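Q: Throw the hints in and build the complete structure from the sequences for me.
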Amino acid sequence: MPQQILADITAHVGQVLVTEGTTVTAGDTLAILESMKMEIPVEADTAGTVTKLAVIEGDVLREGALIAEIS
Amino acid sequence: MALIPAPSTPTSDGTDFRDPDLRLSGLLDPGSMAPVGPVDGCGVTRVTGLIDGAPVVAFCTDATSMGGALGAAGADRIVEAIEFAVEHGRPVIGVWHCGGARLTDGVESMDGAGRMFRAMTAASGRVPQISVVVGPAAGAAAYGPALTDFVIMSEAARVFVTGPDVVRAVTGETIDMAGLGGPEPHGTRSGVAHVAVGSEAEAYRTARALTGYFARPGAVAPGTLGDCADPAGLLPESPRRAYNVVPLVRALLDDDTFLQIQPRWARNMVVGLGRLAGRSIGVVANNPLYKAGCLDSLSAEKAARFVRTCDALGVPLLVVVDVPGYLPGVSQEWDGVVRRGAKLLHAFSETVVPRITLITRKSYGGAYLAMNSRPLGADVVLAWPDAEVAVMGAEAAVNVLHRRVLAAADAAELPELRRRLIGEQQRKAGGLGRALSLGAVDEVVAPADTRRRLARALEDLPPRRGAHGNIPL
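Chains A and B, in that order, are what the protein sequence lines are.
When the letters of the first sequence are read in order and numbered with our numbering, they come out as residues 93 to 163.
When the letters of the second sequence are read in order and numbered with our numbering, they come out as residues 1033 to 1505.
Hint data in this document are derived by calculation from the structure and do not stem from the laboratory.
All figures in this text were calculated on a predicted structure; none of them were measured in a lab.
Every residue, glycine too, gets a C-beta built ideally from N, C-alpha and C.
Among the hints, a few may not be true.
Quick look at which bits of chain A chain B covers, simulated, 3 or more residues with Cβ under 8 angstroms [as the list claims (entries may be wrong)]: (1) 98 to 105; (2) 121 to 129; (3) 132 to 143.
A: This is the structure we're talking about:
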């Protein structure tokens, strides 16, 4: 089952640092969210490949929105 | 309540890993275990023993018979164990593998569970109570551990009030035992598991480590600090950039002593136990990596319970602050951020154990108050040189204070005007000047000197312990 990376806070997508197919290890930064005047790196919890990327820069995400899936 | 069939487990040499003696010997120092009370088929084994040399009381449900189901006599054996522990001032550790109440005992078994709940509550805050769940723990066996200070779950643990069959029959939801009550949901969603681990052996190792912070608190020995690495490098260069606070917490503590509690639940707040110059200490820290480190209803509740645990059990507190405020939102308000946030204000306000606050970057508004501020009774408040204490960040303050001026300004001049106003606001209200003159911050400390300064504060403060129970908030 792919691991879903969700937004844990309502935020603006500042940067996207991976594309579909990128290989990541745990702790790698996938994207940077902007919220509460902070830049918040979104990190991979596990190693794998980004199989789905659900956001582009400039998106506004609600809490719980899908950012990416890692398999 | 449905009994849960236990896997058939006797191994080729005839040993059964569910044997309570075997389980308890995995928890205690080798050769230290001594049985207390008769061996009578009541379904619970009660023993005394040592953990790293410190005397403890332990009990284990007997899953080799009736899935470990708890009857009235078994529950009373647990009551005796807890009362003995309180009388002798020892930690009590319960090992749980129990399908629920013994159906053959009828209502009596429920009454027994009730007496057990009452004994756990009476002992709460008087001795440390630790639960190790290594198999199913349903109904009374779920609430027993939940009434104690800490719940450790191994990968085989399954904790729930009603099992999957009843859930399906009543609500139509289909889920297996692991999905309903395994370490994954309880470690990430419910917060029921304080520590979720892999194997049963690892669960006992964790229980031993956890017991040590209370049974062997140690004394502050500043001479043991040695050379302290500078933790400032663990903060990002940009003050806007979020980071993981856990490495910073580890750097402030003695090497390899930090045991994080509820690490994957309400992750914007880090709580855990460690040692500073040899003395055990509880740590509460905002984690900017999650939800920007905001306080919200769950994280406030998580911290409140942990603060009260430390106070009741006499463990000093270190509070590491980098907080932008409370998390705004309809869901937060409707989720009771007012009611739950009040728990943290209450917890810190009543705390009497030595408590030290370290502000690393920023502390704003209501969240500043909630994070062990001076007005709530912090003994020592330290701040790193670039830290800021304010009602809100300068940018947000300018939007409020100069709303009309900004609205009337020419669009072309707006960015320059805003920049100027923010600069003025920062000079006027930013930094630490006001907080220092008010006495809200005692002193500025260089990151490299922080460990030594914390150890000195801890050494100077008289040991105290709160006189209250540890209600599972």
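Q: Report the numbers of all earlier hints that the structure fails to satisfy, in ascending order.
A: Of the numbered hints given earlier, the structure breaks none, since each of them holds.
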